[in-house]
Amino acid sequence: MDGSNDWASTILVLLILGSFLLNFTDIPQKMQLWRYSSYIRKKIIQLTEIEDESKRKVIKYLSRLNVENPRKVLEGFIDNFFMISPVDIEPTDIIRRMRHLIRTRDDSIRKYVEENLPNATLVQRQNAEVLLEISSVLTLINKIVKHYFQLGLKYNNWILMMQLALELQQVVRLAKAYDDAMDSFMKGTPIGDGAGPLVAHYLKGDAEPVEISKETVYYVTEIEGRKVYVIKAKGPGSTVGWPGEAVEKIINDLGRSVSRIITVDAALKLESEKTGEVAYGVGAAIGDPGPEKIAIERAATKYGIPLDAVVIKMSNEEAINTMTKQIFEGVRKAIEIVKKIIKEKVPKDGIAVVVGIGNTVGIT
Amino acid sequence: MLDPMTIVILAVLAFIITYMAVSAMKSRQEPLKKKVIVTQLKCSNCGYGERREFREGDYVGKEVGECPKCGGKLLVEAIYLEEVEGIPELRSAVSVPKSSQPQKNTGRY
Chain A
384 MDGSNDWAST
394 ILVLLILGSF
404 LLNFTDIPQK
414 MQLWRYSSYI
424 RKKIIQLTEI
434 EDESKRKVIK
444 YLSRLNVENP
454 RKVLEGFIDN
464 FFMISPVDIE
474 PTDIIRRMRH
484 LIRTRDDSIR
494 KYVEENLPNA
504 TLVQRQNAEV
514 LLEISSVLTL
524 INKIVKHYFQ
534 LGLKYNNWIL
544 MMQLALELQQ
554 VVRLAKAYDD
564 AMDSFMKGTP
574 IGDGAGPLVA
584 HYLKGDAEPV
594 EISKETVYYV
604 TEIEGRKVYV
614 IKAKGPGSTV
624 GWPGEAVEKI
634 INDLGRSVSR
644 IITVDAALKL
654 ESEKTGEVAY
664 GVGAAIGDPG
674 PEKIAIERAA
684 TKYGIPLDAV
694 VIKMSNEEAI
704 NTMTKQIFEG
714 VRKAIEIVKK
724 IIKEKVPKDG
734 IAVVVGIGNT
744 VGIT
Chain B
8 MLDPMTIVIL
18 AVLAFIITYM
28 AVSAMKSRQE
38 PLKKKVIVTQ
48 LKCSNCGYGE
58 RREFREGDYV
68 GKEVGECPKC
78 GGKLLVEAIY
88 LEEVEGIPEL
98 RSAVSVPKSS
108 QPQKNTGRY
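As they're listed, the protein sequences go chains A and B.
Using this note's numbering, read the first sequence as starting at 384 and increasing by one per residue.
Using this note's numbering, read the second sequence as starting at 8 and increasing by one per residue.
Think of the hints as simulated: they come from the structure by calculation, not from any bench.
The model shown is predicted, which means the values in this text are computed figures rather than measured ones.
Yeah, the Cβ is synthetic: ideal placement off N, Cα and C, and Gly gets one too.
Fair warning: there could be bad hints in the mix.
Unchecked claim - Stretch-level coverage of chain B by chain A, calculated; a stretch enters the list once three of its residues show a Cβ under 8 Å from a Cβ in chain A:
| no. | segment |
| --- | --- |
| 1 | 18-28 |
| 2 | 50-64 |
| 3 | 77-87 |
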């Protein structure tokens, strides 16, 4: 037998052996499991670092506010204050029940922060609430990833491992965004989600605020010769207020004399869209779990008032981090669009209600 | 003269090394862009405006002093994150948040 025949038969044997190993054993799956689990382990280390970093930031912030035992305050918050969703197989009054639960949770958190930060200002307390919430979310993300990782290992579920590994890039990115967002809240800079309140801030001019709901104010001003009620959360602390309830109260007071309700909010962009793009349409632009949005829709429907929505587009990361220049430019465009809607769709003697939806941190 | 088996093995090794090198190059992060948080000030009376780096305690709508031109109220008009190259007057700079840095999926697990 010459050299080339020898080579060919070796290749053939290797192919047959390889084919047998790949098709009739669990070796490829085991190898996949091993590769994915080693990747996930690295990402879990990264997530744990992010979680620890967030905890350090909260402790540093609380220490600056002279809290005696900041670690204890943080540990008392994480894992607690969860909310169980209301029963949805019986939808009657679900919104009322959900609103009740959300407000009960908000009040519990507010009370917890007040008790532990008695000497802090309202703005500092509101920012501390958000920092605690973010740290709590990062802990939860890390726990969920570890849960699926350990389940995958326990049952040798390589498909679960593969799914987790493929998702983790996005999960880590989101966790980093939350961690970065903490710096914005510690400094008190406006965030991307504050685009709505910023539009409201510019539209209100020099008008004086009137508190209408908890942490929510309205201003009466004149735009393009029309009377305009501008609603936003009360800044500059970190809060979104109760804009739905505020709209409901104002519409119930003014009734059919309101010609238009315009909501302005940040919206998540698609990957192909540019940050700061502005679009308008119909409906209530508000991303709450339900109670605030339905309050606006019901008030508008009750009196037959047209509902306009203006949105400023941004990514998830940009929405929770310091406002970028592109978003700020989007805010400028949104103001012009709101003014145009008022000019074209509200009669001279009519009234418009403009609602700036979003977190008002860093915006008064 | 190398025998065919050695050539095949060398070719496979060369392919693996090239693939790993290309993947490693792809995963290398792009250099950090310098960004700074800018506070934009505006006089409520004459419209005079100036920009400076953000200081803790700044918020949109805050009164920060008197207008150097007319003595009117100088208010914080806007606060936003901007790239440093465009604003040479702002000396100190901060890095882009980690989440805003470009991340490439290398496809390696």
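Cross-check of the supplied hints:
no. : hint  : in the structure
1   : 18-28 : violated (count 0)
2   : 50-64 : holds (count 4)
3   : 77-87 : holds (count 3)
Violated hint for the displayed structure: number 1, the only one.
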